[in-house]
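Each chain is listed here by its residues.
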Amino acid sequence: AQKVTQAQTEISVVEKEDVTLDCVYETRDTTYYLFWYKQPPSGELVFLIRRNSFDEQNEISGRYSWNFQKSTSSFNFTITASQVVDSAVYFCALSGGTSYDKVIFGPGTSLSVIP
Amino acid sequence: DSGVTQTPKHLITATGQRVTLRCSPRSGDLSVYWYQQSLDQGLQFLIQYYNGEERAKGNILERFSAQQFPDLHSELNLSSLELGDSALYFCASSERGLQETQYFGPGTRLLVL
Numbered sequence: 001a002q003k004v005t006q007a008q009t010e011i012s013v014v015e016k017e018d019v020t021l022d023c024v025y026e027t028r029d030t031t032y033y034l035f036w037y038k039q040p041p042s043g044e045l046v047f048l049i050r051r052n053s054f055d056e057q058n059e060i061s062g063r064y065s066w067n068f069q070k071s072t073s074s075f076n077f078t079i080t081a082s083q084v085v086d087s088a089v090y091f092c093a094l095s096g097g098t099s100y101d102k103v104i105f106g107p108g109t110s111l112s113v114i115p
Numbered sequence: 001d002s003g004v005t006q007t008p009k010h011l012i013t014a015t016g017q018r019v020t021l022r023c024s025p026r027s028g029d030l031s032v033y034w035y036q037q038s039l040d041q042g043l044q045f046l047i048q049y050y051n052g053e054e055r056a057k058g059n060i061l062e063r064f065s066a067q068q069f070p071d072l073h074s075e076l077n078l079s080s081l082e083l084g085d086s087a088l089y090f091c092a093s094s095e096r097g098l099q100e101t102q103y104f105g106p107g108t109r110l111l112v113l
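Top line first, the protein sequences correspond to chains R and Y. If you read the first sequence in this note's numbering, its first letter stands for residue 1, the second for the next number, and so on. If you read the second sequence in this note's numbering, its first letter stands for residue 1, the second for the next number, and so on.
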């Protein structure tokens with residue numbers, strides 16, 4: 001069975017601090033996708049990144065970076081120099097196996113960035 | 001603005017009733033996804049349609065059904081509503097599948113009393 005764990009329920013940081021959101025996944029599939037989504041206080045969902053299981057290269061997009069480690073089944077998300085606008089709930093998700101379009105979400109991590 | 005529209009924004013109804021949620025995908029997107037977000041269950045994938053055909057099914061109850069029409073808009077039908085169906089229902093679209101970026105609608109907040 002597939003599972004996504006986000007052990008950090010809530011995190012608070014002061015503006016300009018770096019913060020890492022943890023994501024650990026379980027799957028028996030050899031090919032799968034991992035995702036991160038953002039849900040700001042306004043409620044909409046925003047897709048952030050998708051990573052194929054064959055691509056373990058870390059990715060950086062501005063202040064955001066992602067560290068994918070197959071050996072530890074982790075796909076962590078780091079925000080550098082956090083800003084108040086980063087305050088949101090962040091979801092890690094997994095899809096794979098017989099249906100790459102069937103996504104399993106983690107419970108989410110609520111990030112508060114304090115000015 | 002993601003380009004995905006959902007109507008209505010809010011819906012209040014009673015137990016046992018039936019409602020229909022509507023989603024219009026971004027222009028050119030063939031895939032439509034439905035998700036449910038509730039306090040109890042978190043964020044769950046319900047179902048995906050691609051160019052009118054059901055492609056993937058998640059934790060969708062038998063009381064729920066969906067379809068995608070020739071103009072690619074989709075409807076999610078919820079029947080025999082229960083209190084536990086109160087949730088935020090999101091629709092998303094992508095060109096084909098999850099190998100492309102998904103764009104989410106603003107959601108429909110359903111309250112069952």
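To be clear, the hints were calculated from the coordinates, so they are not data collected in a lab. As the structure is a computational prediction, the values presented were derived from the model and not from experiment. Warning: the hint list may mix true and false statements.
What the hints assert, rightly or not - The calculated lysine-lysine pairs, modelled on BS3-like cross-linking and capped at a C-alpha distance of 30 Å, are: (1) K38/R x K9/Y; (2) K38/R x K3/R; (3) K9/Y x K70/R; (4) K9/Y x K57/Y; (5) K3/R x K57/Y.
- Task: Output the numbers, in ascending order, of every earlier hint that fails for this structure.
- Result: 3
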